[in-house]
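Here the first sequence is numbered in numbering that gives the first Met the number 0, starting from 0 and rising by one per residue.
Rather than coming from a laboratory, the hints here were simulated on the basis of the structure.
DMTMM-like mimics (lysine to aspartate or glutamate), calculated; alpha carbons at most 20 Å apart, straight line:
#, residue 1, residue 2
1, K406, D377
2, K330, D340
3, K356, D268
4, K356, D272
5, K36, E68
6, K330, E351
7, K352, E322
8, K113, E123
9, K36, E64
10, K325, E344
11, K15, D45
12, K118, D294
13, K325, E351
14, K355, E393
15, K355, E319
16, K113, D45
17, K329, E344
18, K406, D376
19, K356, E302
20, K113, E127
21, K356, E319
22, K406, D375
23, K15, E287
24, K208, E189
25, K118, D297
26, K466, E250
27, K355, E271
28, K208, D196
29, K356, D297
30, K208, E420
31, K355, E302
32, K352, E311
33, K355, E311
34, K406, E420
35, K352, E319
Each pair of labels, with its calculated beta carbon distance range:
#, residue 1, residue 2, range
36, K355, M414, 28 to 38 Å
37, T31, K355, 38 to 48 Å
38, T316, K15, 41 to 51 Å
39, R9, A198, 53 to 63 Å
40, W423, D200, 22 to 32 Å
Glycine included, every Cβ here is placed at the ideal spot set by N, Cα and C.
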Amino acid sequence: MPADQLRRTRIQDLLKSTDLNREVLVKAWVRTRRGNKYVQFIALNDGSCLATLQVVAAAEGFPEESLKEITTGSCIAVRGQLVASQGKGQAVEIQATEITVLGTADETYPLQKKGNDQKGISLEHLREIAHLRPRTNTFGAVLRIRHALAFAIHQYFNDHGFYYVHTPIITGSDAEGAGQMFRVTTLPPEHPPRTADGAVDYAEDFFGKQTNLTVSGQLEGELAAMALGSVYTFGPTFRAENSNTARHLAEFWMIEPEVAFNDLTDNMDLAEDFLQSLVRYALAHCAEDLQFLNDTYDKELLERLNFVTTNEFQRLTYTEAVEILKSAKKKFEFPVDWGTDLQSEHERYLVEKHFKKPVILTNYPKEIKAFYMKLDDDGRTVRAMDVLFPGIGEIIGGSQREEDLVKLQTRMAEMHVPEDELWWYLDTRRFGTAPHAGFGLGFERLVLFVTGMTNIRDVIPFPRFPKNAEF
RNA sequence: GCUUCCUUAGCUCAGCCGGUUAGAGCAUCUGACUGUUAAUCAGAGGGUCCCUGGUUCGAGCCCAGGAGGGAGCGCCA
Numbered sequence: 000m001p002a003d004q005l006r007r008t009r010i011q012d013l014l015k016s017t018d019l020n021r022e023v024l025v026k027a028w029v030r031t032r033r034g035n036k037y038v039q040f041i042a043l044n045d046g047s048c049l050a051t052l053q054v055v056a057a058a059e060g061f062p063e064e065s066l067k068e069i070t071t072g073s074c075i076a077v078r079g080q081l082v083a084s085q086g087k088g089q090a091v092e093i094q095a096t097e098i099t100v101l102g103t104a105d106e107t108y109p110l111q112k113k114g115n116d117q118k119g120i121s122l123e124h125l126r127e128i129a130h131l132r133p134r135t136n137t138f139g140a141v142l143r144i145r146h147a148l149a150f151a152i153h154q155y156f157n158d159h160g161f162y163y164v165h166t167p168i169i170t171g172s173d174a175e176g177a178g179q180m181f182r183v184t185t186l187p188p189e190h191p192p193r194t195a196d197g198a199v200d201y202a203e204d205f206f207g208k209q210t211n212l213t214v215s216g217q218l219e220g221e222l223a224a225m226a227l228g229s230v231y232t233f234g235p236t237f238r239a240e241n242s243n244t245a246r247h248l249a250e251f252w253m254i255e256p257e258v259a260f261n262d263l264t265d266n267m268d269l270a271e272d273f274l275q276s277l278v279r280y281a282l283a284h285c286a287e288d289l290q291f292l293n294d295t296y297d298k299e300l301l302e303r304l305n306f307v308t309t310n311e312f313q314r315l316t317y318t319e320a321v322e323i324l325k326s327a328k329k330k331f332e333f334p335v336d337w338g339t340d341l342q343s344e345h346e347r348y349l350v351e352k353h354f355k356k357p358v359i360l361t362n363y364p365k366e367i368k369a370f371y372m373k374l375d376d377d378g379r380t381v382r383a384m385d386v387l388f389p390g391i392g393e394i395i396g397g398s399q400r401e402e403d404l405v406k407l408q409t410r411m412a413e414m415h416v417p418e419d420e421l422w423w424y425l426d427t428r429r430f431g432t433a434p435h436a437g438f439g440l441g442f443e444r445l446v447l448f449v450t451g452m453t454n455i456r457d458v459i460p461f462p463r464f465p466k467n468a469e470f
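My request is simple: use the sequences and hints to build the entire structure.
Shown next, in the form of structure tokens:
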């Protein structure tokens, strides 16, 4: 092939290639350069995998002076022979014949290599340079795993007969009951049009009414399930809560399957198989990245992931959980009483101390759960389920839905949910209602669990949280 | 929103009881070195000690207020 038609090969493909002694072209970012006046070694990373490719530049072709611009962080194109490496750290390397600097990076590049004192840039500092952190090993690994999990989610549902439905991001309802919402408006903030009594006149707004960013696609997902049978949503979700924790974001991605004719047990079966399949997919497809995270941050990560894929989740009712907590020897900061919601410390005790495995809690008191959950026969509890994971807490929240129109209307009245805003939702119970169930999985919480990262702001490229919308 | 801790070189951190010119490792720069593996060796440059005010003969250190960040809690996914 003529030299100028040579196409670039990804480093991932070169590193596993057995077709040696051929000319290749690589385009990538420089991690380090070292050597002497006779030979120089350049470690290259193009993001296709964690590992770097070693480029050898011999002095005959590349006097040391000519490599001055090849600094940590610069981007170069290398043409050369792919050969077996003489060194011990790698199987193959490139003997360079031509190096072109595509982009320089001077000494102010923030991601200079860390030294042999093993101390690198902290995750906290990397959050302040989130535009560059994908170039680190850690964020490369996290972002590749995030991608793999997103892909596995679509594959799982496709393989199981689910249809992907796109629910709206702008919603005209603020009655979904999942938290504070962000307003969406085109009205001028300084001088909005007013009605005769002085209130802001939203009839003048873009949609002719107040609108918000969605807090959940569930209600629309239910509409689709009542036609397509098994559906799921996977999209961005927004909560304007002033939550300052390592497990909350103002903008996050949520997966919400909804299945006609499923009851609570079917729902639990789906959640458990779904989660196990996703973890299994990551173990099979992200081995190198997971090994790196295991070695770097959390020595028990792989062990924990394998454990989850091979052990059944512990299922018990809220009432049973309260009994266990009441008889526990541990002293809790918050008392446990039937009817109050469990605190983080209680959930952590059940998952990490008592059962030492993922837990699915069901049949919560109706007072502490949403209006749309199906009432149990005793009239006190609802068919809710929360999946609790070690280190994460609630990773899934779901329920069998109330399919009976009258019971649903009664619950809405009790919880002051206005019927007129959800007339379309109630129509599903008026026309051909059916038992159905579903749940919401926080995507970033899943990525948090699989990567072993401890702060949710480190598993999404550009996190949105109170007082921060940089980048 | 609440509790608590932190903020010193580009990064990661020391800094004694409040006392002379604020230190280390890494990074960067310069030089040496014939295949390195987060190369090695030698040298050099690099500081608004987060900001404002106060106490004191004297403040990186003590006090007050503010800003930013971490961890935990609440809300939840």
